[in-house]
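Trainee: Input sequences plus hints: build the corresponding full structure.
Numbered per our numbering, the sequence shown spans residues 74 to 142.
Because the hints were derived from the structure by calculation, they are not lab data.
Bear in mind the structure is a predicted one, so any value in this text is a computation, not a measurement.
Check before you lean on any hint, since a few could be wrong.
[Unchecked claim] Ranges of calculated distance between the beta carbons of each label pair, as one might list FRET restraints:
(1) 140 - 102: 51 to 59 Å
(2) 120 - 82: 53 to 61 Å
(3) 118 - 96: 25 to 33 Å
(4) 107 - 140: 39 to 47 Å
(5) 123 - 94: 40 to 48 Å
Glycine is no exception: its CB is placed at the ideal position from the N, C-alpha and C atoms.
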Amino acid sequence: MPKFRYLKSLQEQGDDEYLGNIWGWKNSFYGLGIILFFLSLYFFRVYTNPVVPDREVKIESAASELIGR
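Mentor: This is how it looks when you write it as C-alpha coordinates:
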(Lines of atoms letter the chains of each structure in order from A; the text may use other names.)
(Lines give C-alpha, C1' and ligand atoms only; values in the text may rest on other atoms or scores of the structure.)
Protein backbone atom coordinates (compact mmCIF):
# COMPACT_ATOMS: atom_id res chain seq x y z
CA MET A 74 0.00 0.00 0.00
CA PRO A 75 2.77 2.61 0.61
CA LYS A 76 3.66 2.56 -3.07
CA PHE A 77 0.19 3.66 -4.04
CA ARG A 78 0.26 6.57 -1.61
CA TYR A 79 3.50 7.77 -3.19
CA LEU A 80 2.04 7.57 -6.70
CA LYS A 81 -1.08 9.38 -5.55
CA SER A 82 1.00 12.17 -4.04
CA LEU A 83 2.96 12.50 -7.29
CA GLN A 84 -0.26 12.84 -9.25
CA GLU A 85 -1.54 15.52 -6.88
CA GLN A 86 1.57 17.69 -7.33
CA GLY A 87 0.61 18.70 -10.84
CA ASP A 88 2.40 18.68 -14.15
CA ASP A 89 3.73 22.24 -13.93
CA GLU A 90 6.56 21.43 -11.52
CA TYR A 91 10.11 21.15 -12.76
CA LEU A 92 11.32 17.68 -11.86
CA GLY A 93 14.98 18.30 -12.59
CA ASN A 94 17.56 17.07 -15.00
CA ILE A 95 17.64 13.27 -15.06
CA TRP A 96 21.42 13.01 -15.51
CA GLY A 97 22.39 16.04 -13.45
CA TRP A 98 23.81 19.41 -14.41
CA LYS A 99 27.39 18.18 -14.51
CA ASN A 100 26.61 15.94 -17.47
CA SER A 101 24.88 18.82 -19.26
CA PHE A 102 27.97 20.98 -18.87
CA TYR A 103 30.15 18.15 -20.22
CA GLY A 104 27.92 18.04 -23.30
CA LEU A 105 28.15 21.81 -23.69
CA GLY A 106 31.94 21.56 -23.45
CA ILE A 107 32.06 18.90 -26.15
CA ILE A 108 29.85 20.98 -28.45
CA LEU A 109 31.97 24.10 -27.93
CA PHE A 110 35.17 22.11 -28.50
CA PHE A 111 33.98 20.78 -31.85
CA LEU A 112 32.65 24.19 -32.89
CA SER A 113 36.00 25.78 -32.12
CA LEU A 114 37.79 22.97 -33.99
CA TYR A 115 35.52 23.54 -36.98
CA PHE A 116 36.15 27.30 -37.07
CA PHE A 117 39.88 26.74 -36.60
CA ARG A 118 39.96 24.39 -39.58
CA VAL A 119 37.88 26.77 -41.72
CA TYR A 120 40.09 29.78 -41.05
CA THR A 121 43.47 28.03 -41.21
CA ASN A 122 42.92 26.01 -44.40
CA PRO A 123 42.49 28.22 -47.45
CA VAL A 124 39.99 27.23 -50.12
CA VAL A 125 41.74 26.26 -53.33
CA PRO A 126 39.84 27.84 -56.25
CA ASP A 127 41.61 25.62 -58.82
CA ARG A 128 39.74 22.59 -57.54
CA GLU A 129 36.47 23.73 -59.13
CA VAL A 130 38.17 24.20 -62.48
CA LYS A 131 39.72 20.74 -62.26
CA ILE A 132 36.38 19.18 -61.41
CA GLU A 133 34.65 20.96 -64.29
CA SER A 134 37.38 19.99 -66.76
CA ALA A 135 37.28 16.37 -65.58
CA ALA A 136 33.51 16.32 -65.94
CA SER A 137 33.67 17.77 -69.43
CA GLU A 138 36.25 15.14 -70.43
CA LEU A 139 33.92 12.40 -69.21
CA ILE A 140 30.98 13.83 -71.11
CA GLY A 141 33.08 14.41 -74.21
CA ARG A 142 32.69 18.16 -74.67
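Trainee: All the hints need checking, so say for each whether the structure fits it.
Mentor: Hints versus structure:
{"no.": "1", "hint": "140 - 102: 51 to 59 Å", "verdict": "holds (54 Å)"}
{"no.": "2", "hint": "120 - 82: 53 to 61 Å", "verdict": "holds (56 Å)"}
{"no.": "3", "hint": "118 - 96: 25 to 33 Å", "verdict": "holds (30 Å)"}
{"no.": "4", "hint": "107 - 140: 39 to 47 Å", "verdict": "holds (45 Å)"}
{"no.": "5", "hint": "123 - 94: 40 to 48 Å", "verdict": "holds (43 Å)"}
When each numbered hint is compared with the structure, no violation occurs for any of them.
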